[in-house]
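Engineer: Same order as they appear, the protein sequences are chains A and B. Basically my numbering = 1-based index in the first sequence + 1. Basically my numbering = 1-based index in the second sequence + 1.
No wet-lab data here; the hints were simulated from the structure. Heads up, a few of these hints could be off.
Copies of the same chain look alike in the list, so a pair counts if it fits in one copy or across any two.
Taking lysine-lysine pairs in the DSS-like style, the calculated list, with each CA pair at most 30 Å apart, reads [what the hints assert, rightly or not]: (1) LYS110 - LYS88; (2) LYS20 - LYS73; (3) LYS110 - LYS20; (4) LYS96 - LYS73; (5) LYS73 - LYS88; (6) LYS74 - LYS84; (7) LYS110 - LYS84; (8) LYS96 - LYS77; (9) LYS8 - LYS96; (10) LYS71 - LYS20; (11) LYS116 - LYS20; (12) LYS20 - LYS132; (13) LYS84 - LYS96; (14) LYS6 - LYS116; (15) LYS96 - LYS74; (16) LYS6 - LYS84; (17) LYS6 - LYS88; (18) LYS8 - LYS77; (19) LYS110 - LYS77; (20) LYS88 - LYS77; (21) LYS6 - LYS110; (22) LYS77 - LYS116; (23) LYS77 - LYS20; (24) LYS84 - LYS20; (25) LYS110 - LYS8; (26) LYS116 - LYS73; (27) LYS116 - LYS96; (28) LYS74 - LYS116.
All figures in this text were calculated on a predicted structure; none of them were measured in a lab.
Number of protein chains: 2
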Amino acid sequence: MQTDKSKELLAKVVLINNKLNFSGTADSNPPVSIDYTPPLGDNLGYTSLELFLLSLSSCVGSAVLSILRKMKKEIKGFEIESKGIRKQEHPTGLKTVYLNININSSDVKDEDMEKVIQLSESICPVWSMVKGNVEVVNNVNIV
Amino acid sequence: MQTDKSKELLAKVVLINNKLNFSGTADSNPPVSIDYTPPLGDNLGYTSLELFLLSLSSCVGSAVLSILRKMKKEIKGFEIESKGIRKQEHPTGLKTVYLNININSSDVKDEDMEKVIQLSESICPVWSMVKGNVEVVNNVNIV
């Protein structure tokens with residue numbers, strides 16, 4: 002199940018118990034266990050919204066890193082902590098996602114990052130897919 | 002890093018090489034390797050858009066299953082194959098996602114499924130987050 006990922010992507014989820022535990026796969030990657038909280042599920046894996054946070058934060062991270070490297074900046078460490086706040090009425094999607102971007106670098110400056118985040122917004126595929134529906138708030142910490 | 006997941010969710014991605022390979026985690030789940038295709042990445046994990054497909058398809062699947070169970074339908078097997086078609090201009094998000102919903106059941110009827118999909122759309126959080134930006138096309142196969 003491999004394709005040209007610049008054009009199309011494939012994935013599959015298979016129910017593996019009698020509640021909501023799925024085994025998810027794409028390409029030849031190790032399966033990801035997906036589940037929901039009790040009572041509907043049993044907490045046996047990532048929730049769909051946690052997978053969304055991984056999807057969005059890795060996408061933003063990849064964009065930010067690619068831009069910083071084009072600027073010849075040194076990256077000694079990089080991580081993004083994400084927090085998604087849900088709506089309390091159906092459908093209970095995320096209304097706001099906070100991305101805490103932690104960069105370990107000797108030459109990335111706070112003033113670089115405003116432009117880098119703007120450029121990232123213009124190229125990050127996952128961010129573009131939630132435009133108008135989910136607010137994404139970025140906070141950058143350079144150490 | 003545990004919260005009330007009906008209110009907020011947490012996740013984290015940490016860069017683990019000098020390209021775009023992240024280790025992603027949420028709660029106490031085993032880490033997910035995330036990467037991009039060459040030359041930017043090395044195909045060492047799920048792409049961000051594959052994680053999005055897992056997020057969306059598990060969300061739709063959970064909604065469909067919850068509704069079918071309320072209808073007292075028997076589910077002997079359930080899986081969703083997803084295919085995402087990317088835009089070819091930046092940002093190269095998914096313009097269309099095809100969900101192939103395969104249900105093994107002796108009492109779910111094709112005529113039930115139109116209403117079930119409509120209801121699922123009204124409660125699936127991830128679907129709501131891409132409304133207006135991504136077309137979701139469902140196809141149901143009952144065996």
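Engineer: Could you run down the list of hints and mark each one as holding or not?
Structural biologist: These are the hints, each one checked on the structure:
no.: 1; hint: LYS110 - LYS88; in the structure: neither (35 Å within a copy, 33 Å between copies)
no.: 2; hint: LYS20 - LYS73; in the structure: between (50 Å within a copy, 13 Å between copies)
no.: 3; hint: LYS110 - LYS20; in the structure: between (49 Å within a copy, 21 Å between copies)
no.: 4; hint: LYS96 - LYS73; in the structure: neither (35 Å within a copy, 33 Å between copies)
no.: 5; hint: LYS73 - LYS88; in the structure: between (40 Å within a copy, 29 Å between copies)
no.: 6; hint: LYS74 - LYS84; in the structure: within (27 Å within a copy, 36 Å between copies)
no.: 7; hint: LYS110 - LYS84; in the structure: within (24 Å within a copy, 40 Å between copies)
no.: 8; hint: LYS96 - LYS77; in the structure: neither (32 Å within a copy, 35 Å between copies)
no.: 9; hint: LYS8 - LYS96; in the structure: both (29 Å within a copy, 11 Å between copies)
no.: 10; hint: LYS71 - LYS20; in the structure: between (47 Å within a copy, 12 Å between copies)
no.: 11; hint: LYS116 - LYS20; in the structure: between (46 Å within a copy, 21 Å between copies)
no.: 12; hint: LYS20 - LYS132; in the structure: between (32 Å within a copy, 27 Å between copies)
no.: 13; hint: LYS84 - LYS96; in the structure: both (11 Å within a copy, 26 Å between copies)
no.: 14; hint: LYS6 - LYS116; in the structure: within (28 Å within a copy, 33 Å between copies)
no.: 15; hint: LYS96 - LYS74; in the structure: neither (33 Å within a copy, 33 Å between copies)
no.: 16; hint: LYS6 - LYS84; in the structure: both (28 Å within a copy, 11 Å between copies)
no.: 17; hint: LYS6 - LYS88; in the structure: between (32 Å within a copy, 11 Å between copies)
no.: 18; hint: LYS8 - LYS77; in the structure: neither (32 Å within a copy, 34 Å between copies)
no.: 19; hint: LYS110 - LYS77; in the structure: within (14 Å within a copy, 56 Å between copies)
no.: 20; hint: LYS88 - LYS77; in the structure: neither (37 Å within a copy, 33 Å between copies)
no.: 21; hint: LYS6 - LYS110; in the structure: neither (34 Å within a copy, 35 Å between copies)
no.: 22; hint: LYS77 - LYS116; in the structure: within (20 Å within a copy, 52 Å between copies)
no.: 23; hint: LYS77 - LYS20; in the structure: between (43 Å within a copy, 12 Å between copies)
no.: 24; hint: LYS84 - LYS20; in the structure: both (26 Å within a copy, 24 Å between copies)
no.: 25; hint: LYS110 - LYS8; in the structure: neither (35 Å within a copy, 34 Å between copies)
no.: 26; hint: LYS116 - LYS73; in the structure: within (15 Å within a copy, 54 Å between copies)
no.: 27; hint: LYS116 - LYS96; in the structure: both (24 Å within a copy, 26 Å between copies)
no.: 28; hint: LYS74 - LYS116; in the structure: within (14 Å within a copy, 53 Å between copies)
Violated hints, in rising order: 1, 4, 8, 15, 18, 20, 21, 25; the structure is consistent with all others.
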